[in-house]
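Asker: Read off the chains here:
Protein chains: 2
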Amino acid sequence: MANKYVYTFGGGKAEGKAQMKNLLGGKGANLAEMSNLGIPVPAGFTISTEVCTYFYDHKRQYPPELTQQIDDAMAKVEKVMGRKFNDLEHPLLVSVRSGARVSMPGMMDTVLNLGINDEIVKVIEKDNPRAAWDCYRRFIQMYGDVVLDIRPRTKSEVDPFESVIEKIKKRRGVTFDVELELDDLKELVSEFKKLVKQRTKKPFPQNPRDQLWGAIGAVIESWHNERAKVYRRINKIPEEWGTAVNVQAMVFGNFGDDCATGVGFSRNPSNGDKNLYGEYLINAQGEDVVAGIRTPLDFADLQKNNPKIYKELETIVRKLEKHYKDMQDVEFTIEHGRLWMLQTRNGKRTGFATCRIAVDMVKEKLVTEKDALTRLIPDANALDQLLKPVFDPASIEHAKKEGRHLASGLAAGPGAACGRVVFHADDAAAMAAKGNHVILVRHETSPEDIGGMEVADGILTALGGQTSHAALVARQMGKVCVAGCSDLSVNYGTKTAIFKGRKVRQGEYISLNGFLGDVYEGEIKVMPSEVKQGLFGTAAQRKGASQSKTFQAYTQLMKWADKYRTMNVRANADQPDQAELAVAYGAEGIGLCRTEHMFFGGDRIKAVQEMILANDKEGREKALAKLLPMQRSDFFGILKAMGSRPVTIRLLDPPLHEFLPTNHKEIVELSKDIGQPAKTLKAKLQSLKEFNPMLGHRGCRLGVVFPEIYLMQARAIIEAALDVQKKHKIKVKPEIMIPLVGHWKELNFLRGEIEKLIDEIKDAKKLKIQIGTMIELPRAAVTADEIAAVADFFSFGTNDLTQTTFGLSRDDAGKFLPHYVQNGILPEDPFVSIDSNGVGQLVRMGTEKGRSVNDKLKVGICGEHGGDPASIHFCQTVGLNYVSCSPPRLSVARLAAAQAALIAEAAK
Amino acid sequence: MANKYVYTFGGGKAEGKAQMKNLLGGKGANLAEMSNLGIPVPAGFTISTEVCTYFYDHKRQYPPELTQQIDDAMAKVEKVMGRKFNDLEHPLLVSVRSGARVSMPGMMDTVLNLGINDEIVKVIEKDNPRAAWDCYRRFIQMYGDVVLDIRPRTKSEVDPFESVIEKIKKRRGVTFDVELELDDLKELVSEFKKLVKQRTKKPFPQNPRDQLWGAIGAVIESWHNERAKVYRRINKIPEEWGTAVNVQAMVFGNFGDDCATGVGFSRNPSNGDKNLYGEYLINAQGEDVVAGIRTPLDFADLQKNNPKIYKELETIVRKLEKHYKDMQDVEFTIEHGRLWMLQTRNGKRTGFATCRIAVDMVKEKLVTEKDALTRLIPDANALDQLLKPVFDPASIEHAKKEGRHLASGLAAGPGAACGRVVFHADDAAAMAAKGNHVILVRHETSPEDIGGMEVADGILTALGGQTSHAALVARQMGKVCVAGCSDLSVNYGTKTAIFKGRKVRQGEYISLNGFLGDVYEGEIKVMPSEVKQGLFGTAAQRKGASQSKTFQAYTQLMKWADKYRTMNVRANADQPDQAELAVAYGAEGIGLCRTEHMFFGGDRIKAVQEMILANDKEGREKALAKLLPMQRSDFFGILKAMGSRPVTIRLLDPPLHEFLPTNHKEIVELSKDIGQPAKTLKAKLQSLKEFNPMLGHRGCRLGVVFPEIYLMQARAIIEAALDVQKKHKIKVKPEIMIPLVGHWKELNFLRGEIEKLIDEIKDAKKLKIQIGTMIELPRAAVTADEIAAVADFFSFGTNDLTQTTFGLSRDDAGKFLPHYVQNGILPEDPFVSIDSNGVGQLVRMGTEKGRSVNDKLKVGICGEHGGDPASIHFCQTVGLNYVSCSPPRLSVARLAAAQAALIAEAAK
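Protein chains in written order, with the numbering used here: chain A, 1 to 908; chain B, 1 to 908.
A couple of the hints might just be wrong.
If chains are identical, the list can't say which one is meant, so a pair holds when it fits in one copy or spans any two.
Taking lysine-lysine and the DSSO-like style, the derived pairs with C-alpha atoms no more than 27 Å apart in a straight line are [unchecked claim]:
#: 1; residue 1: K856; residue 2: K236
#: 2; residue 1: K322; residue 2: K363
#: 3; residue 1: K679; residue 2: K500
#: 4; residue 1: K756; residue 2: K155
#: 5; residue 1: K370; residue 2: K563
#: 6; residue 1: K76; residue 2: K319
#: 7; residue 1: K762; residue 2: K640
#: 8; residue 1: K679; residue 2: K815
#: 9; residue 1: K682; residue 2: K815
#: 10; residue 1: K727; residue 2: K640
#: 11; residue 1: K549; residue 2: K325
Derived from the structure by calculation, the hints contain no laboratory data.
Construct all of the structure, not just a fragment, from the sequences and the given hints.
Answerer: See below:
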């Protein structure tokens, strides 16, 4: 028996089906599937990928059986459609499209209207003369381009077909193609044929069979063109896959007022409502919708104008939704009152709709909870949108109309914010104290701006990428942030910001759209999201939110996520209010409580500076004694807020010079405060300066050289824990984390010092405080077995681990990382999503080696990656105990953890 | 049969031997070995380590057999020595010493003269009253300290025994103990006994058996004291090893003029001559030599005064040398005309003597070539001394007498140098151009100082450690360097250096001792070493050197080293003269030719700056076109010098801002040169500034963003190679190395660009240029399998790999790394010797993964570690193809590679 190379579909049945993607390509398999469902799909056939493979294996020869099989298939199509290919009575036109397993740029895409020629156009003309000639001229142009390769020969040349069209349009004084009249179209056909003759030295093929074989050949050849090859290499798509070729009967939406073309969704893609949603154009083709000359009608009109067709469409769409178990995005054409479906696929939708639809479909028993969590919400980030403040729709419309858009930058912290412009942290504090909303505008931010960022509603910087200081801190704080706004120039002296010449002074209003990175002049009204109202609003807001379908969907999803996930989810939080936020968002503990942010507050920074500038241990201890009660009260608040949940507190990490002033005025002031001459102070500051602060005297290196600093912090933790326990009868679980350990002896030494302290303080031993370390240096990962012998837990600090593993400074990467991502050298910013092949290997190695010597070792991750869904999936495969992220990312993290667990379960 | 716990020695035989170290400890095994050789060793016995183990396993009880075995052993000792323990006729005194397998600080060390008491002292008194009482008082003091634990109770308290002595000396108006007279000594004994009574509440033990058991117990208990435990933990010495106890008959060198004590070497430890070499004191004890009150006599005197004893000593020493097959360092005592050997061990010696002795002993057929290379030169660094210039001995003596020592710093580049002080690179060049020797004095150095360092004889900096820029560059250039001289303060404005108040002006002479880190005022004459004269001197010098035993030994050792080593040895060299030097030192290729140093020369830096500051690719290419001929001529010189040896050329690595000026004046000048306003220029400079330049836009990241830079360099290499090949008929082997690759796509992209260039240039393909990469980022090591698929070779850049693996900036580590090493957190500076457990794991992983996909992959190392013996041993275990180091380190590297190969062979 001969091999089967051709698979027909149409007329309520098909030889293929959805599962035959490898053989039929994505498109072919889908068309077959729709036919099998009895959906009215224009009939056609798919030439399988085996033909492509055969072709290249046999010196570009087709299998001998192919011609007959195509002829047989065409006969079936003709029968279903009631038309004949190459026929002068009821001519059948077809489209020819490529169709690999995955969609692939660079492949030949589509030839429409194939089968028309000088004779046949005259037959079709009887139906609609203008449409017939428009078909013909479009066919020659498309075929000329993709099959005959008639394209611009130099970069500066315009498309040769387009230049013919332009000439005629110019002569006729019209702007759009649709304005051309019948005679113009006929002239176009004639000119196009001349162009083909001139470029190919042959007349345009008149025989539809020749046209067909030409198009089939072009699809198969395009599998091996340069762009396709490059794409395959980069995306690791095997050459052997090959492409299928789809030949399908044409149907026309532009042959009269009983014709139409449209697109639609089975549910509202913006809010998830279960209503058919879409638009259509009468007597038009798909590309007319794109051209945007005529305003499409909506489905309410269709229902009114043609209730029968609407009803039919609704039935089909519901059937498709039920079949594919997902919201569908369809394309259809009405040809002389008959509905044809051209395509269906899972529809794109907003985060709001994603969540709503997932929950609704479970309720409708269309999908299971597990399906809803994984398949219907492929990207957990969708949840993020539900939490962010938004602009009042009327207010933003108004601003746009008034032309108040100033500039765009990176959308570095989602949400909407509006406030008065300030340029310094202290101005921000002063202005906010008066009850103003403020937007902190900086060239770039540094740890000294923390206070200002805290009181600001939004942060705008001229420099910095997605992982700049501003972006990172803003995301942790849940602040709206636009970073790297290159059209912004900041003058701190005159306290003005200039956006492409437009000046904004301190105190004037601007508004930031952190979803999109836009900056607007003046005020735009901001509203909290329904989910936030539901979680943190006033009683009235909560009640209102409880009626909101979005909020209901959110809480339902979180319930399911918590049910299925196996990893714990913790938050990175440094202060009691952040800890409370974390709990509301479902945190099961704190994975990273940074103590350095606590060092920047008003009085504290002075004591910190005094400590740093002390000439000996005695001086340091004197200053540390001042800090102790402050730190203790910080920890008291956090531990109380977290109750009996574990709280991992990281001891001081950044280099000491970060706490010192840099400008003359501040130095002079400080010199008065601590009673040292400014000159001495400057020399000291100079001596603390570092070439590469990232790799300098920081982390546990501070603790090793100045154990008194860490011991003060440890004492504050212990005493605070004992206080909370006594006053609030809560069994608190503080954990002490030593940062930047590279060698087990560092941790061993510091652990010893802290254990001595625990022995000294009454009842401290009963707290059973765990002592562990960040794994954030490659050396720590490769020697994790040594380190685990003296650690109770590991927490992968993947921000720093990425920096050191790649040898890449987060602060400096902005100069070349975008170029890398744009040019495909790196698939994405490794600070956003973990580099599983490189950094990830070290995480895996560190975990395995650590557990090999300490089977009780608790292992988590507390870098920014802890809130990134792809990274969370990776963490599941490594078998981590928890992920920790900024509080507003917790919803995403909970969902992503559930998805990861379900995928792991399914893979078993 | 009872277990044997006690092993006797003496009288020409022993129950133990050298191989029984585990049982008898190092000392005990050695004493047994000497006895077996028939060497006159005072008789004694060793209580085995099993007793110690038993003791701790049995609740601090001794094995029941022990008492009898000790009594039996003591009887044997008494018989050999002709004296009796606890005897009033011929009393035997003994010493008691600990003796673990390895010498261990913190253990009880020694009690001498044990067995004396109030009765026995009176017997000994008959021989020599003063000596007898001196024995007794020393015994009480030692026993009181180490057995009875009578020590200062607070840090400020002085030793209680010493305070008694001081009191008497003060009363008697004398300075030294030896000035005390008989009555004083008797009074001391009496006072000491009172002290013991007062502190222990018991009288001083008079029974010699009690004394003996007390001392044995103290030795065994000291195995578990705090210091010993800490030392064992740090050095990973198992607790189960235990310590042995050695009990040995005392002999006395201070009982008359027919008594003496001395130390000697079997060969001259400073130059290796095969003459007995040593000194002795008549009527004295070992510690009298140390006290330095009397001037010892040398062996010529001994030969004259007592030819019989001298002959006997010579025979013994030669016998020991022959037995131990190494130069011996012995201690001996003459008691009433009878020679006793107390100790023998392999002697310490200078690098010069090390090499001479190793070669001589092979010639004498005492050892094999392999033995000479490995055992007799345990540290290949010994060779280094042979190459360094030295001060003329008379001249340095003179300078010291005149008090011209100014300050001390780190010995960062060995050798001696003298020249006029300069503070700037251009002043250095100008002054050197006039024929002056110059010493470049800087607060610290940076790449801009390279020109100045090149013309200087020595470099002196106030800041920086062993791996500072100054130290690294100086060592590569083979310059004398003293770094981190904290007593130096540099004033660039007034061009003066101040050393603790002493001012030295530009143009005045200073002299540097880079062996020791000393700085002297004024001129001290410098001479090249004999080896350097032999390798690079004038014809006359070479002839002179060929007669020199040092030079002969050097060339012989190099010949043997090359015979046995399996790894290739290459040099790091950037310029033709360095390449020539490398060849003379035996380099088999260049492992690292850095191209950035070439960018700093006069005209070049301007073109480089123009290139960096260009606003577009066109501007960059214009500037690059100026650089091309210069780079080509650089490479021409190097390739020609290296002939057919491989030359690995690394493309531009440092961040571009390193090539730009930083001060206002230079910026203004540059702005004129390139015709851009100074303001624009400053903004541009600001934009190029980096927070962490080490992790910034450097290495292949420059090549990826600005491929034109790398392509200019590649073209220069290719064209130079073709030129050399054509003009000199040499089959050159250039290799192009891409730095700082972290992801295989970086290398893949750049390799593709360079291969396109090779295709373009006529005949370039025939050069078969290999293209490879540095592995200097952890990510490169863990993904080496991906990278190796597109690399012809790997070269581990372990300087940067250490920085990123540890997260440790070499430039900033000075602030805490010394503290780490001093406190045992790190065993040593990981930039000096490779951290085999951490960084080394990545080197091994990178090599194995790389070879797993590319079995032709050539793998080497080109960090500073390439010249460090311990690191070279590590490289051998990993199986690297070559090591590469600075030219002056090549001798050391060749030897170390041979040692590593021989050790690996022996381990098979």
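Asker: Tell me, which hint numbers fail for this structure?
Answerer: none
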